[in-house]
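Hey, can you work out the whole structure from these sequences and the hints?
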Amino acid sequence: MPKVSINSGAFDRNRKANIFAVYNCAVDIQMSSQNRHGFDPSEYLVFSVVSCANMQRAFRQLAHSDFHSDDLAPARGRDVPISRRRIAEATGLPRETVRRIVQKLILRGYLIESDGRQILVPQDIAEGDQDPRDVMAPILRMVQTLMATGVIQLE
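Per this note's numbering, the very first residue in the sequence shown carries number 591; after that it's consecutive.
Hints were generated in silico from the structure; no laboratory data involved.
For glycine and all other residues, C-beta sits at the position ideal for the given N, C-alpha and C.
Heads up, a few of these hints could be off.
Unchecked claim - Quick list of simulated restraints, FRET-style, between CB atoms:
| no. | residue 1 | residue 2 | range |
| --- | --- | --- | --- |
| 1 | F610 | I696 | 47 to 53 Å |
| 2 | G599 | P722 | 30 to 36 Å |
| 3 | A600 | G628 | 35 to 41 Å |
| 4 | P712 | S598 | 42 to 48 Å |
| 5 | A738 | G682 | 24 to 30 Å |
| 6 | Q693 | S598 | 33 to 39 Å |
| 7 | T687 | V733 | 37 to 43 Å |
In C-alpha coordinates, the structure reads:
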(Lines of atoms letter the chains of each structure in order from A and count residues from 1; the text may use other names and numbers.)
(Lines give C-alpha, C1' and ligand atoms only; values in the text may rest on other atoms or scores of the structure.)
Protein backbone atom coordinates (compact mmCIF):
# COMPACT_ATOMS: atom_id res chain seq x y z
CA MET A 1 0.00 0.00 0.00
CA PRO A 2 1.47 3.39 -0.94
CA LYS A 3 2.24 5.92 1.75
CA VAL A 4 0.23 9.14 1.59
CA SER A 5 1.89 12.43 2.48
CA ILE A 6 0.85 16.07 2.49
CA ASN A 7 3.01 18.66 0.77
CA SER A 8 2.53 21.90 2.74
CA GLY A 9 4.41 23.93 0.14
CA ALA A 10 2.02 22.83 -2.59
CA PHE A 11 -0.91 23.67 -0.35
CA ASP A 12 0.41 27.19 0.20
CA ARG A 13 1.15 27.73 -3.52
CA ASN A 14 -2.44 26.87 -4.44
CA ARG A 15 -4.01 27.95 -1.16
CA LYS A 16 -7.27 29.34 -2.59
CA ALA A 17 -8.03 26.30 -4.78
CA ASN A 18 -7.19 23.90 -1.95
CA ILE A 19 -9.30 25.76 0.61
CA PHE A 20 -12.22 25.74 -1.84
CA ALA A 21 -11.76 21.99 -2.40
CA VAL A 22 -12.06 21.31 1.34
CA TYR A 23 -14.93 23.78 1.78
CA ASN A 24 -16.82 22.39 -1.23
CA CYS A 25 -16.47 18.87 0.18
CA ALA A 26 -18.11 19.95 3.46
CA VAL A 27 -20.89 21.83 1.65
CA ASP A 28 -21.56 18.88 -0.71
CA ILE A 29 -21.94 16.50 2.24
CA GLN A 30 -24.26 18.93 4.03
CA MET A 31 -26.35 19.55 0.90
CA SER A 32 -26.74 15.83 0.14
CA SER A 33 -28.13 15.25 3.63
CA GLN A 34 -30.38 18.30 3.43
CA ASN A 35 -31.73 17.30 0.01
CA ARG A 36 -32.22 13.62 0.91
CA HIS A 37 -34.46 14.58 3.83
CA GLY A 38 -36.21 17.40 1.97
CA PHE A 39 -35.21 20.01 4.56
CA ASP A 40 -35.18 23.71 3.85
CA PRO A 41 -32.06 25.50 5.20
CA SER A 42 -33.69 26.51 8.51
CA GLU A 43 -35.02 23.00 9.11
CA TYR A 44 -31.59 21.55 8.40
CA LEU A 45 -29.99 24.04 10.80
CA VAL A 46 -32.39 23.07 13.61
CA PHE A 47 -31.99 19.34 12.89
CA SER A 48 -28.18 19.70 12.91
CA VAL A 49 -28.16 21.57 16.23
CA VAL A 50 -30.37 18.91 17.84
CA SER A 51 -28.17 16.12 16.41
CA CYS A 52 -24.98 17.73 17.73
CA ALA A 53 -26.51 18.37 21.14
CA ASN A 54 -27.68 14.76 21.36
CA MET A 55 -24.16 13.45 20.67
CA GLN A 56 -22.12 15.82 22.82
CA ARG A 57 -21.86 13.57 25.89
CA ALA A 58 -20.79 10.58 23.79
CA PHE A 59 -18.06 12.62 22.11
CA ARG A 60 -16.73 13.85 25.45
CA GLN A 61 -16.50 10.27 26.73
CA LEU A 62 -14.87 8.66 23.68
CA ALA A 63 -11.14 8.37 23.14
CA HIS A 64 -9.66 9.28 19.74
CA SER A 65 -9.07 5.59 18.99
CA ASP A 66 -12.78 4.85 19.56
CA PHE A 67 -13.66 6.80 16.42
CA HIS A 68 -11.58 4.42 14.32
CA SER A 69 -13.15 1.20 15.60
CA ASP A 70 -15.57 -0.90 13.57
CA ASP A 71 -17.99 -1.38 16.44
CA LEU A 72 -18.72 2.21 17.45
CA ALA A 73 -22.49 2.30 17.77
CA PRO A 74 -24.56 5.10 19.26
CA ALA A 75 -25.68 4.27 22.79
CA ARG A 76 -29.15 5.65 23.49
CA GLY A 77 -28.39 6.41 27.14
CA ARG A 78 -25.72 8.93 26.16
CA ASP A 79 -28.04 11.23 24.24
CA VAL A 80 -28.41 14.72 25.64
CA PRO A 81 -31.75 16.32 24.79
CA ILE A 82 -31.94 20.04 24.06
CA SER A 83 -34.67 22.58 24.77
CA ARG A 84 -36.32 24.77 22.18
CA ARG A 85 -34.82 27.81 23.93
CA ARG A 86 -31.31 26.39 23.55
CA ILE A 87 -31.98 25.56 19.89
CA ALA A 88 -33.02 29.18 19.32
CA GLU A 89 -29.87 30.43 21.06
CA ALA A 90 -27.61 28.11 19.07
CA THR A 91 -29.20 28.86 15.69
CA GLY A 92 -29.93 32.55 16.13
CA LEU A 93 -33.49 31.92 14.95
CA PRO A 94 -36.45 33.44 16.83
CA ARG A 95 -38.02 31.11 19.41
CA GLU A 96 -41.36 31.07 17.60
CA THR A 97 -39.65 30.05 14.36
CA VAL A 98 -37.80 27.27 16.21
CA ARG A 99 -41.06 26.14 17.83
CA ARG A 100 -42.75 25.86 14.40
CA ILE A 101 -39.79 24.08 12.80
CA VAL A 102 -39.45 21.62 15.70
CA GLN A 103 -43.18 20.86 15.53
CA LYS A 104 -42.95 20.28 11.77
CA LEU A 105 -39.92 17.97 12.19
CA ILE A 106 -41.70 16.05 14.97
CA LEU A 107 -44.72 15.52 12.71
CA ARG A 108 -42.42 14.30 9.90
CA GLY A 109 -40.66 11.88 12.30
CA TYR A 110 -37.24 13.55 12.31
CA LEU A 111 -37.39 14.70 15.94
CA ILE A 112 -39.11 13.46 19.09
CA GLU A 113 -40.03 15.16 22.33
CA SER A 114 -38.82 13.48 25.51
CA ASP A 115 -39.98 14.06 29.06
CA GLY A 116 -39.86 17.69 30.05
CA ARG A 117 -40.30 18.99 26.47
CA GLN A 118 -36.70 18.24 25.54
CA ILE A 119 -35.92 17.43 21.89
CA LEU A 120 -34.07 14.36 20.56
CA VAL A 121 -33.35 12.76 17.20
CA PRO A 122 -35.09 9.34 17.04
CA GLN A 123 -32.71 6.39 17.19
CA ASP A 124 -33.62 5.08 13.72
CA ILE A 125 -32.88 8.48 12.17
CA ALA A 126 -29.64 8.88 14.16
CA GLU A 127 -28.36 5.47 13.07
CA GLY A 128 -29.25 5.85 9.41
CA ASP A 129 -28.84 9.59 8.82
CA GLN A 130 -26.08 9.49 6.22
CA ASP A 131 -25.67 7.17 3.28
CA PRO A 132 -21.90 6.57 3.00
CA ARG A 133 -22.13 6.94 -0.78
CA ASP A 134 -23.35 10.51 -0.30
CA VAL A 135 -20.18 11.22 1.67
CA MET A 136 -17.70 9.37 -0.55
CA ALA A 137 -18.28 11.29 -3.81
CA PRO A 138 -17.46 14.74 -2.35
CA ILE A 139 -14.47 13.32 -0.48
CA LEU A 140 -13.13 11.72 -3.67
CA ARG A 141 -13.58 14.99 -5.59
CA MET A 142 -11.64 16.80 -2.85
CA VAL A 143 -8.86 14.19 -2.89
CA GLN A 144 -8.63 14.44 -6.70
CA THR A 145 -8.25 18.23 -6.49
CA LEU A 146 -5.65 17.98 -3.72
CA MET A 147 -3.71 15.38 -5.71
CA ALA A 148 -3.89 17.49 -8.89
CA THR A 149 -2.47 20.51 -7.04
CA GLY A 150 0.26 18.37 -5.48
CA VAL A 151 -0.94 18.64 -1.88
CA ILE A 152 -1.58 14.91 -1.52
CA GLN A 153 1.26 12.74 -2.72
CA LEU A 154 1.55 8.96 -2.94
CA GLU A 155 4.97 7.48 -2.20
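Hint-by-hint comparison with the structure:
no., hint, verdict
1, F610 / I696: 47 to 53 Å, "violated (37 Å)"
2, G599 / P722: 30 to 36 Å, "holds (33 Å)"
3, A600 / G628: 35 to 41 Å, "holds (40 Å)"
4, P712 / S598: 42 to 48 Å, "holds (43 Å)"
5, A738 / G682: 24 to 30 Å, "violated (38 Å)"
6, Q693 / S598: 33 to 39 Å, "violated (49 Å)"
7, T687 / V733: 37 to 43 Å, "holds (38 Å)"
Going through the hint list in order, the structure does not satisfy hints 1, 5, 6.
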